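Same order as they appear, the protein sequences are chains A and B. So the first sequence is residues 2 to 402, counted in this note's numbering. So the second sequence is residues 2 to 402, counted in this note's numbering.
What the hints contain is simulated information worked out from the structure, not anything from laboratory work. In this text the structure is predicted, and so the values were computed from the model without any measurement. Some hints here could point you the wrong way.
Each pair may be met inside one copy or between any two copies, as identical chains are not told apart.
In silico lysine to aspartate or glutamate, DMTMM-like type, Cα no more than 20 Å apart, as pairs [stated by the list, open to error]: (1) 6 with 82; (2) 53 with 41; (3) 295 with 315; (4) 37 with 358; (5) 37 with 49; (6) 37 with 366; (7) 399 with 82; (8) 342 with 358; (9) 205 with 275; (10) 399 with 179; (11) 311 with 239; (12) 53 with 265; (13) 198 with 169; (14) 53 with 195; (15) 53 with 303; (16) 311 with 275; (17) 213 with 307.
2 protein chains.
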Amino acid sequence: MDLHKLIAGLAEKNNNKIIMLVADGIGGLPMTPGGKTELETANTPNLDALAKIGVQGMSLPILPGITPGSGPGHLGLFGYDPLQFIIGRGALEAAGIGFACGPNDVAMRCNFCTVGQDGKITDRRAGRIPTEESAEVVKLLRAVKIPGVEIFVEPVKEHRFVVVFRAEGLGGNVADTDPQAIGALPLDPVGHDEASKKTAEIAKEFFNQAKKILAGQPKANCLTMRGFAKRPSLPSYEELYGLKAAAIAVYPMYKGLASLVGMEVIGQPATLDEEIDVLYENYDKYDFFFVHFKYTDSRGEDGDFDAKVKMVEEFDRVIPRVMELKPACLVVTGDHSTPAKMASHSFHPVPTLIVSELARTDACDAYCEMQAGCGGLGHFEAKYLMPLAMAHANRLGKFGA
Amino acid sequence: MDLHKLIAGLAEKNNNKIIMLVADGIGGLPMTPGGKTELETANTPNLDALAKIGVQGMSLPILPGITPGSGPGHLGLFGYDPLQFIIGRGALEAAGIGFACGPNDVAMRCNFCTVGQDGKITDRRAGRIPTEESAEVVKLLRAVKIPGVEIFVEPVKEHRFVVVFRAEGLGGNVADTDPQAIGALPLDPVGHDEASKKTAEIAKEFFNQAKKILAGQPKANCLTMRGFAKRPSLPSYEELYGLKAAAIAVYPMYKGLASLVGMEVIGQPATLDEEIDVLYENYDKYDFFFVHFKYTDSRGEDGDFDAKVKMVEEFDRVIPRVMELKPACLVVTGDHSTPAKMASHSFHPVPTLIVSELARTDACDAYCEMQAGCGGLGHFEAKYLMPLAMAHANRLGKFGA
């Protein structure tokens with residue numbers, strides 16, 4: 002039986018609230034084998050107090066040994082099998098700038114490029130045109146008009162931008178137009194099924210109009226289109242769990258990912274303290290809160306062990322304010338590990354803590370990798386975290402009699 | 002590869018005996034987070050002695066977060082994926098009174114109801130007619146005769162009873178006849194495929210004859226039929242494991258569930274001591290013994306922490322007698338957790354202990370949730386417990402060369 006059907010059939014509505022605190026990239030590594038991780042080094046009295054009354058385990062973002070990107074990492078946390086629900090590159094790039102694709106949208110990642118008089122590419126990234134300059138050129142492209150299609154053109158960074166076509170009956174199965182070589186012409190967009198042929202026609206028309214608009218530009222005088230994708234067809238939190246869900250995040254990517262599963266993105270917080278303010282202001286209005294803390298991942302990506310330790314302590318500092326709300330179930334986790342030692346996402350499982358009246362206390366007295374590895378929740382695929390959270394909030398009924 | 006095909010292909014016959022002691026609902030919760038569970042509170046010197054030489058782990062009855070009913074809980078313990086093999090309501094109700102459905106049987110749950118002179122329902126439960134009274138009326142229905150069909154009518158409790166039709170070629174896909182409303186007529190039974198149409202015809206004839214028989218009754222003057230179901234098609238213990246299996250239980254439900262997988266139900270024990278007597282008397286005749294202890298679950302369902310602790314100690318008391326039989330493999334487990342704190346089945350995993358010459362001793366020195374959570378068997382879906390038991394009894398061969 003499909004996990005989603007099972008959960009949707011057992012979900013019960015009540016007033017028990019769930020807060021999921023996601024410290025991005027929280028899991029780490031000792032700088033030297035045998036040493037302590039960032040989490041084990043940090044002074045985290047508040048998380049450790051929760052570890053004493055809660056239950057810990059290890060969340061496997063995908064499968065053992067597999068390092069997730071932010072997209073699949075969060076899909077898993079949200080309860081969607083990241084190997085079953087694939088977010089296409091275009092839809093992920095759109096999510097990354099906080100643009101939530103609707104069901105009729107096809108999104109693509111575009112690159113400005115430079116072409117010579119013969120139309121052949123001389124620079125695939127338009128000299129890595131600076132972001133501010135690029136954003137101005139992107140605005141010019143909003144002049145493209147195609148009857149029956151709503152078009153969104155949004156800047157990303159340097160030569161990269163996002164284009165979204167919104168119209169009924171479009172397919173996402175269109176080949177990239179980037180020839181991946183200089184000295185070549187941009188390729189014609191080719192659709193691989195009827196709906197995608199329609200998208201390819203629109204893309205061709207977009208390209209032709211865009212080329213005319215860009216003709217006078219010194220560097221960004223042409224474009225290539227890649228990663229055409231519709232958003233994945235995900236059942237919403239309301240459909241799946243019967244939860245009215247809210248997302249509180251600083252960075253656009255996480256707001257975008259949360260909207261893909263039907264969470265409402267609330268507030269405009271700029272710091273973790275402001276995120277908790279937003280949580281307080283909206284606590285009565287939702288059943289479920291996804292609160293995203295970015296900087297544990299950022300400092301990990303920087304390869305800065307000590308700075309990541311400080312960010313863990315920063316995260317620990319807000320725990321008492323969260324607990325004052327007395328959620329029926331608090332989940333503390335991450336979407337993946339980002340060890341400073343690797344300065345990148347890693348495959349290591351993520352220490353995960355559940356606090357609830359229904360948590361079966363284990364032997365752990367600190368929130369960290371070493372203890373989570375032998376905690377009462379065991380090691381589980383991240384897609385089971387939402388069923389566990391629902392159960393600990395007493396929101397899942399019995400299977401069979 | 003299908004788990005059952007794999008195991009059936011590897012199963013080897015020898016004289017090594019397996020005893021599975023199931024303390025129903027054994028897993029618990031501390032009354033206050035950070036405290037001790039029932040099992041951790043109980044004085045269990047015999048189980049703890051086994052924990053020192055055996056190996057422990059956590060059995061997940063279904064999947065993380067999912068609370069099982071007794072049906073799916075036991076199917077998992079018996080090695081059948083409870084999400085693949087669904088016991089229909091009628092077949093489960095029959096099992097619940099110890100009636101083992103055969104392959105040609107369709108079982109249904111029936112309710113006595115009260116109808117007015119116009120045939121419309123005035124009370125869907127016939128005034129919750131007392132069990133003894135109801136049982137007498139049930140007997141009257143045994144006068145119903147339908148050519149070519151063997152019919153069983155058995156009382157359950159109050160207004161509820163079970164009817165089983167036995168004949169070749171009957172289907173179980175028949176809609177309920179309970180209109181779920183008063184002031185409505187009982188519905189005609191409708192079959193959704195050829196075989197089920199045949200069942201529906203029989204049900205209609207049964208209903209018509211029954212109505213005449215019941216006409217004079219003050220309260221139970223009509224009936225509705227629900228949850229039509231054939232028994233799930235389960236390979237037997239003999240087919241799957243090459244085990245001649247016996248079930249020893251006090252309560253009809255567990256005898257019924259065991260017969261569904263081809264176990265022979267032996268003895269008429271009324272207490273745990275008598276169950277162990279039956280085990281002794283029959284020890285030479287079978288390879289596998291399922292011994293069911295009910296009262297850990299019952300006291301959990303009562304919400305009585307201290308009484309459940311006593312029942313755990315009662316269970317512990319018989320361990321030395323069981324060990325004197327020197328089984329090749331002893332399994333101690335439960336079909337689910339029933340924390341007194343929740344007064345119901347719960348989703349929490351079940352501490353599970355295996356004692357065998359082949360058990361790889363872990364660090365545990367007590368049988369309890371806290372230690373089982375980091376024991377040598379890890380956390381595993383219950384359907385893997387039988388392969389583990391078979392392996393620990395040296396009854397599973399090598400896969401591949």
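*Given a CA cutoff of 20 Å, do residue 198 and residue 169 count as a within-copy pair, a between-copy pair, both, or neither?*
Within one copy, since 13 Å is at most 20 Å while 43 Å is not.
*For the identical chains here, do residue 37 and residue 358 meet the 20 Å Cα criterion within one copy, between copies, both, or neither?*
between (31 Å within a copy, 13 Å between copies)
*When no copy is named, should residue 342 and residue 358 be tagged within, between, both, or neither for a Cα gap of at most 20 Å?*
between (37 Å within a copy, 9 Å between copies)
_Same-copy or cross-copy closeness of residue 311 to residue 239 [CA-CA at most 20 Å]_ = This pair counts as neither: shortest intra-copy Cα distance 36 Å, inter-copy 43 Å.
_Reference check for the pair residue 205 and residue 275, CA-CA at most 20 Å: within, between, both, or neither?_
Intra 44 Å, inter 66 Å, cutoff 20 Å: neither.
_Treating 20 Å as the Cα threshold, decide for residue 6 and residue 82: within, between, both or neither._
Result: close both inside a copy and across copies, 13 Å intra and 16 Å inter.
*asked:* At most 20 Å between alpha carbons: which applies to residue 53 and residue 303, within, between, both or neither?
replied: Intra 32 Å, inter 28 Å, cutoff 20 Å: neither.
*Taking 20 Å as the upper bound on the Cα-Cα distance, should residue 53 and residue 41 be classified as within, between, both, or neither?*
both (15 Å within a copy, 16 Å between copies)
_Checking an output row: residue 295 and residue 315, CA cutoff 20 Å. Within, between, both or neither?_
within (11 Å within a copy, 50 Å between copies)
*residue 399 and residue 179: within-copy, between-copy, both or neither at 20 Å Cα*: For residue 399 and residue 179, the Cα distance exceeds 20 Å both inside one copy (52 Å) and across copies (23 Å).
*Go through the copies and call it for residue 53 and residue 195: within, between, both or neither, with a Cα cutoff of 20 Å.*
neither (58 Å within a copy, 59 Å between copies)
*Checking residue 311 and residue 275: alpha-carbon separation at most 20 Å within a copy, between copies, both or neither?*
Answer is within: at 18 Å inside a copy they meet the 20 Å cutoff, but 51 Å across does not.
When each numbered hint is compared with the structure, violations occur for hints 9, 10, 11, 12, 14, 15 and 17.
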